[in-house]
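> Please take these sequences and the hints and turn them into a complete structure.
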Amino acid sequence: MSVPRLDAIVIGSGLEELVAAARLAGAGRRVVVLEPRDSVGGAAAGEQILPGFRMDPVYADAGFLDPRALGDLELDRHGVSLLTPDPFLAAPADRGDSLVLWRDLARSRASIARRSAGDADHWPGFAARMETFARVLEELAGRPPVRPGGPLLDLAPFLGLGRRIRGLGRERMTELFRVLPLPAHDLLEDEFRDPLLKGVLAAMSVRGVFQGPRSPGTALAFLHHHVGSPGGVFGIRTVVRGGVARLADALATAARARGVEIRLGASVERIACTNGRAAGVALASGEEIVSRVVVSGADPRRTLLDLAGTEALDPDFVHAVRQIRFRGGFARIHLALSEAPRFEGISEAVPGVIAIASDLEHVERAYDDAKHGRASELPVLEARIPSLADASLAPEGRHVMSVDVRFVPVGDRGQGDYAPDALADRVVELLAERAPTLPGTILERKVLMPADMEERYGWTNGDPYQGELALDQLLFMRPVPGWAGYRTPIPGLYLCGTGTHPAGAITGASGRHAANAVLEDLGGAR
Amino acid sequence: MTSLGTRTTPFHSRTAPLVRGHAWRRWAGYVVPAAYDLIHDLEYAAIRGTAALIDVTPLFKYRIRGAGAAALLDRVVTRDVRRAKTGQVLYTPWCDPDGKVLDDGTVTRLGEDDFRLTSAHPNLRWLHQNAVGIDADIDDESEAVAALSLQGPAAREILGSVADRDVSKLRFFRATQARLEGIPVTLTRTGYTGDLGYEIWVGNDRAEALWDLLVAAGNPHGLLPTGLLAMDVARIEAGLLLIDVDYISARLALIETQKSSPFELNLGWTVAKEKRPFVGQRALEAERNGGSSWAFRGLVVDWDSLEALYAEVGLPPQLPSAAWRTSTPIFDGGRQVGYATSGCWSPLLKKYLALAHLGSVHAAPGTEVEIEVTIEHRRKRALATVTETPFFDPERKRA
Chain A
2 MSVPRLDAIV IGSGLEELVA AARLAGAGRR VVVLEPRDSV GGAAAGEQIL PGFRMDPVYA
62 DAGFLDPRAL GDLELDRHGV SLLTPDPFLA APADRGDSLV LWRDLARSRA SIARRSAGDA
122 DHWPGFAARM ETFARVLEEL AGRPPVRPGG PLLDLAPFLG LGRRIRGLGR ERMTELFRVL
182 PLPAHDLLED EFRDPLLKGV LAAMSVRGVF QGPRSPGTAL AFLHHHVGSP GGVFGIRTVV
242 RGGVARLADA LATAARARGV EIRLGASVER IACTNGRAAG VALASGEEIV SRVVVSGADP
302 RRTLLDLAGT EALDPDFVHA VRQIRFRGGF ARIHLALSEA PRFEGISEAV PGVIAIASDL
362 EHVERAYDDA KHGRASELPV LEARIPSLAD ASLAPEGRHV MSVDVRFVPV GDRGQGDYAP
422 DALADRVVEL LAERAPTLPG TILERKVLMP ADMEERYGWT NGDPYQGELA LDQLLFMRPV
482 PGWAGYRTPI PGLYLCGTGT HPAGAITGAS GRHAANAVLE DLGGAR
Chain B
20 MTSLGTRTTP FHSRTAPLVR GHAWRRWAGY VVPAAYDLIH DLEYAAIRGT AALIDVTPLF
80 KYRIRGAGAA ALLDRVVTRD VRRAKTGQVL YTPWCDPDGK VLDDGTVTRL GEDDFRLTSA
140 HPNLRWLHQN AVGIDADIDD ESEAVAALSL QGPAAREILG SVADRDVSKL RFFRATQARL
200 EGIPVTLTRT GYTGDLGYEI WVGNDRAEAL WDLLVAAGNP HGLLPTGLLA MDVARIEAGL
260 LLIDVDYISA RLALIETQKS SPFELNLGWT VAKEKRPFVG QRALEAERNG GSSWAFRGLV
320 VDWDSLEALY AEVGLPPQLP SAAWRTSTPI FDGGRQVGYA TSGCWSPLLK KYLALAHLGS
380 VHAAPGTEVE IEVTIEHRRK RALATVTETP FFDPERKRA
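If you're matching them up, the sequences are chains A and B in order.
As numbered in this note's numbering, the first sequence has no gaps in its residue numbers, which increase by one up to the final residue, 527.
As numbered in this note's numbering, the second sequence has no gaps in its residue numbers, which increase by one up to the final residue, 418.
Hints listed in this document are in silico derivations from the structure and should not be mistaken for laboratory results.
A virtual CB, placed ideally from N, CA and C, is assigned to each residue, including glycine.
One side of the interface only, derived from the structure: several residues of chain B facing chain A at Cβ under 10 Å:
id, residue
1, ALA90
2, ARG94
3, VAL95
4, ASP115
5, PRO116
6, ARG295
7, PRO296
8, PHE297
9, VAL298
10, GLY299
11, GLN300
12, ARG301
Take a look at the structure:
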């Protein structure tokens with residue numbers, strides 16, 4: 002066989018894939034990115050609800066953009082700038098004052114104090130503590146996962162982490178290890194009195210999991226979502242001006258500038274193996290492309306079981322891959338609005354998250370319904386109106402709104418209570434209880450069910466994390482124990498998607514770590 | 020009749036009245052006759068001299084069908100199943116991902132997409148685990164299919180007298196469907212004795228009728244219902260492995276050193292070269308190239324040496340009446356170099372035989388080693404010679 006012209010094929014053009022491709026190309030490798038859809042960015046590709054009304058179909062914020070992954074790509078030069086929504090979180094209340102959380106700690110305290118003076122006093126300490134913990138997780142996210150029992154060399158980068166953990170002090174460290182496996186419910190019950198505050202924080206803890214706040218490990222998920230939040234305030238997420246799609250475009254530009262070829266409409270049907278090594282791919286069109294390695298951004302199950310096939314894999318490994326839990330469980334409703342909705346009891350425009358989660362019980366019961374196969378009688382919602390902070394997203398005076406509905410199983414492609422229209426109607430009805438003018442201002446709506454996400458992006462069960470954010474599926478156990486190093490049992494086949502450590506929806510870290518593994522195996526840069 | 024969690028086979032109504040010594044043996048959750056008579060010598064003689072009828076129902080049996088049936092089995096076992104012709108039977112081990120043997124048995128290609136796998140241990144879960152992405156139906160027919168082993172020089176003639184087809188055309192390790200006086204069976208020219216013989220696979224509902232038929236047809240030829248004790252001697256003579264005795268399944272091994280690769284069990288010939296990927300392939304190819312640290316060989320205990328050791332205490336050599344299965348140290352130059360796992364006195368060969376794991380440098384045929392023997396409560400060492408197996412390999416087995 003002739004020597005492949007290409008060093009690497011990257012499957013998918015999502016953010017991690019683009020980061021990996023750019024890094025490989027930056028090291029002098031010849032790389033082609035194969036994107037099945039006709040726009041770059043995978044799930045980050047932008048769309049319009051109506052002409053001029055822009056939406057990020059499934060992403061919302063900038064996640065944890067690992068500066069180490071993006072640093073040398075000069076994305077700011079390619080037009081990426083970040084915004085910090087303020088207030089970043091609001092919750093319209095059934096009774097009493099609504100809750101509004103700001104960058105300014107004093108304003109948050111004042112808002113909390115109208116509901117509970119004790120909680121207001123407690124908030125700054127809690128926020129600082131959680132931020133410290135999130136920083137430890139952030140440190141872990143920035144490194145490839147350590148292998149327990151692996152060579153000592155593996156541990157070297159963790160000496161720094163060790164110092165960070167020690168820097169926490171004995172008490173805080175003990176507290177961190179106490180908190181990680183806790184149900185978010187227990188953590189929040191411990192800390193606060195106000196049901197609404199606990200409710201909206203609980204709603205954060207169930208992003209990316211199909212578990213209620215009483216499930217163990219949801220405290221970890223709660224912290225996980227604060228990895229990469231801007232310093233000084235706990236709970237804030239930055240957003241990309243112009244939408245996450247801008248980030249994808251910028252990454253594509255940066256990758257192309259380094260010589261990466263991005264082919265659209267190139268759907269990979271099979272990863273081809275020669276002598277037990279990944280040696281290229283076959284496209285749905287029948288075309289075959291040969292390369293030295295294949296780097297897949299598709300989720301581990303799809304990559305290994307569907308694309309590569311089980312023939313060359315050990316049954317124990319296949320079993321482990323089949324055991325990965327994929328339970329995204331959220332639906333996204335996009336609305337094009339003729340005017341910004343006014344939520345009762347909230348006088349300010351809220352460009353951040355507007356949470357509909359009255360208390361812990363609400364969140365847990367919403368999950369209980371879903372757990373037993375029913376639509377949540379009272380769904381948990383997290384809405385955003387990003388155009389309030391970023392006018393470029395909608396025509397002048399108009400707005401776009403996205404609403405995340407938790408606990409929507411992939412089901413049989415959305416039947417009954419889960420029929421997309423029925424779900425959207427219910428959600429709008431629920432929002433209208435707090436924002437009565439909303440229904441009259443809807444110009445258009447688009448609903449993305451988990452099944453749609455699975456179909457569009459190849460996410461098993463519509464799981465945007467490509468594997469639930471659960472304690473047993475993180476760090477050195479992600480995607481499966483023993484194979485957390487971006488390599489797979491098939492030499493030449495690598496994983497770079499969100500299904501690998503560190504499991505952020507947007508980090509760049511997976512792409513960076515995967516590219517490093519590839520370069521290590523190919524003999525470094527040239 | 021079931022008691023104490025043991026089960027009986029569909030032949031029980033026929034075998035039980037004949038087990039005069041009440042000697043039963045447990046086998047895969049069943050009880051089957053260990054010996055029908057008080058001693059098993061006549062039954063052994065039937066295997067080698069006339070014909071023996073052995074209830075081998077406790078074997079696990081899996082029917083694998085579908086477009087991916089060959090692919091599934093090929094993925095599991097070490098031999099090349101895709102190359103097997105319809106009507107062919109393969110003896111094969113199968114391994115874990117590290118190339119250590121999990122079990123051994125036969126694969127019979129009953130049709131293009133239709134196979135039967137036999138095994139000593141349950142393998143249903145393992146088959147399912149390997150079937151991910153493969154279009155194959157796996158049916159555990161262990162409790163639906165009964166089996167008799169008809170072994171011995173007269174086996175062909177007995178079978179020929181009741182079969183609807185010419186069984187003399189059925190070659191060694193081949194299979195055919197047949198009717199025996201109207202009873203539908205699968206015949207395979209296989210067995211666990213190293214002799215001319217057949218295994219007859221029948222639905223439970225016709226099991227008793229099959230037994231009656233074969234006993235009647237075999238009677239004029241000296242056929243004897245035969246138990247496991249006699250078969251155990253025959254299988255050692257034939258150099259055939261016994262799981263749990265000669266090797267430990269990698270699935271049950273508690274420590275790494277308890278596991279064995281096919282090469283270490285003298286089954287290197289079953290590890291197909293240039294085969295599509297199968298479980299353990301990478302490790303096995305590495306071992307094929309890099310060599311194995313262990314070998315599995317036959318030992319023939321030196322008679323004069325044994326006689327001299329007994330003479331020291333004033334006894335003639337005392338020989339085991341049945342096969343033993345106690346791990347027994349083997350020495351070379353005073354140092355332990357291995358261990359025997361089964362042994363017996365071969366009444367036919369008039370030799371004291373053993374099967375042994377030996378460090379590979381001590382395993383060349385002809386190597387003189389010592390085997391531990393306990394004589395009057397004292398441990399002694401008798402000379403023994405390393406040999407190839409089988410010890411006994413009659414032409415009629417394949418003819």
